[in-house]
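**Q** From first to last, the protein sequence lines stand for chains C and A. Each residue of the first sequence is one higher than the one before, starting from 235 at the first, in the numbering used here. Each residue of the second sequence is one higher than the one before, starting from 374 at the first, in the numbering used here.
Simulated from the structure, these hints should not be mistaken for lab results. Quick reminder that beta carbons are idealized off the backbone N, C-alpha and C, glycines included. Misleading hints may appear alongside valid ones.
Claimed, not checked - Simulated restraints on C-beta separations:
id : chain 1 : residue 1 : chain 2 : residue 2 : range
1  : C       : Leu-254   : A       : Thr-640   : 45 to 55 Å
2  : C       : Arg-551   : A       : Lys-461   : 41 to 51 Å
3  : A       : Asp-509   : C       : Val-364   : 18 to 28 Å
Said to hold, decoys possible - Derived list of chain C stretches under chain A, where covered just means 3 residues or more per stretch with a C-beta under 8 Å from a C-beta of chain A:
id : region
4  : 288-302
5  : 487-493
6  : 516-527
7  : 537-543
What the hints assert, rightly or not - Which chain C residues stay away from chain A? Per the calculated CB distances, all over 10 Å, these:
id : residue
8  : Val-328
9  : Asp-428
10 : His-448
11 : Ser-454
12 : Thr-459
13 : Val-462
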Amino acid sequence: MSKVKPFRLTMAAVALLIPLALAAIVFFLARYSWQAIGFNGLRFLWTINWNLGNLYGNTVIHHGYEVPPGANYGILAFIVGTLFSSFLAILFAVPVSVGTAMFLSEKAPARMRPWLTMLVELVAVVPSVVFGLWGIFVLVPLIANWISPAITAVFGFIPFFNMNNSTGSGYGLLAASIVLALMITPIITTTLYDALNQVPRELRESAYALGATHFEVVASTMLPTARVTLIGGIVLALGRALGETMAVLMVSGGALNYLPGTIFTPISTMAAFILSQLDSALQDPSNMAVKSLAEIALVLFVITVLVNAAARLLVRRTINVRNA
Amino acid sequence: MGAGAAALLVAGLGAGAASAAQTVTLTETGSSLLYPLFNIWVPHFEKAHPGIRVTTQSTGSGTGIAQAIKGLVQIGASDAYMSNGQLKQSPGILNIPLAISAQSINYNLPGLNGHHLVFSGPVLAGIYSGTINNWDSPAIAKLNPGVKLPNHKIIPVHRTDGSGDTFIFSQYLSFSTPDWNSKIGYGTSISWPAVQGGLGAQGNPGMVEALKGNKYSIAYVGVSFAQQIDAAKLGTAKLVNRAGKAVLPTAKTVSAAAAALGDKTPTDERISLIFAPGANSYPIINYEYAIVNKKQANKATADAVKTLLTWASNQGNAEQYLKQVHFKALPKKIRELSAKQIAQIEG
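With the rest of the complex left out, here is chain C (with noise of 0.2 Å):
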């Protein structure tokens, strides 16, 4: 008879948890939509109408479906308003990140370290709502009154940096990029910073020893060995970016049925989308409303997955180059 091993068994029991409430939340997903996958087939990915129909007539049947009359889903336009804007978040965070991390491990004085770098984690506990509000009352009128007048000035000859081919309302695309900059900013800055304090001492004073200055040393030494942690770092904060929602949803402007002409266009992004339409959803007697939702989400998981799996790809890339 073998021995009964109860620690590893109760381990290993807890450690499956995780990945089990994974799968419970995918398969039910899945099982959820699956009417509404059936319903809306592929062009639910790349047609841009987003229709709940007449919830107040007589449900029809169409395509062997149950919907509301004139019910039809389109979500490319959240799509691309989902990762437009977390691209552009990540453009705008990983310089100030990066800098903000150089810092912080090399030049800020050694007493105020500690008080700069809890400042930077405190931001990262800010509530996404907080975010909104301050987006809402100075970053939008900023935006609108400022910054797009002066990218206009600038760079308005190409027609996807000129105000005058949008509102100018300062709600779109720009803002809600902003605000998720600076909301995974402290991610990136966090992650790459403890890279930093854990270079070696010795590649350090090496670099010094070969005469390099400060900025190479940084540059050129520490940098590249904290290299895969910065990417990890940013592939983290992507995955916040593109499931943020609430803060999003508060600067985005709500876009429907268009894609974004412009920066400053107005934008709806996947996760947004869901928590604004879910009410209106709910009154829909054939449900098929509430499923496409569901599917959304699915969706939206799915891009998560592939977009984490292409950065580890990249990083192992990164890796095997450096070792050839």
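Take the given structure of chain C and dock chain A to it, following the hints.
**A** Just chain A, lined up with the frame of chain C:
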């Protein structure tokens, strides 16, 4: 605020003293338009009925209806009545009017905010579908002779969250404009046409913010936000009613519209009051509903629900409560219909 808290405290103490006989707790959730009124009502109601506690929550009309159907809450608050389809699925649900609300069309037009511009359903439909996109377009000018309108793009603002305000606004457009009715229709969330330069906002506070922040914008706002509109010095439009007259949302025009359709209200009280007949009728008014399951968990809960609804639609309709949110009282005939519906609630 302080007075309200004190009233709550008194009510709480009263409940403690009176209730060796159990306290029943009722939960209300739903419409963000009704929420302020419930918060005004509850301290007074609890004082008068120490055995009943009421908790309120602002979540949205769709949530209110859904949770009342599922039995998660006793009272769902909604700006929109339930559809036939929903009622077929959940036949035991009552729609009981608690008060009358209205909606204003507001705009931020430099130099003209003090002037009540006139809009009609078809012109608003044109603005919200992008066929009318300039303030000085002939269609708007025709309704406002003698007004010097600016040559500037219109920014139409709509709600992005599911909303009773979207429901009644799109009903006004649907009932007055056949083209809008066939292409877009009405609902708490509709498939807004892609208007270059249009804007979505969250909730009534978001609508007011969007108006304030954007010159040349236009939006629809629940009348309980009239104070914020006035404080921000935004313009309020006169709307063309079914009789072809342009009217402002005032006590007189809202009551006229309510009276015009009061007699038509069926026994289940599900009716749209939008685009009512009558020369003085304001075209965008609606009943604010309590969505209630006929069959409550037990007799004590059922009695408490009946007490609350009866109080709300009678004593609760007193001017002292309603005027704070700019709502109007229900006509007597409607209160009688409601009493019959309330009597059907049982444990």
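**Q** Checking against the hints above, which ones are violated?
**A** 2, 3, 7
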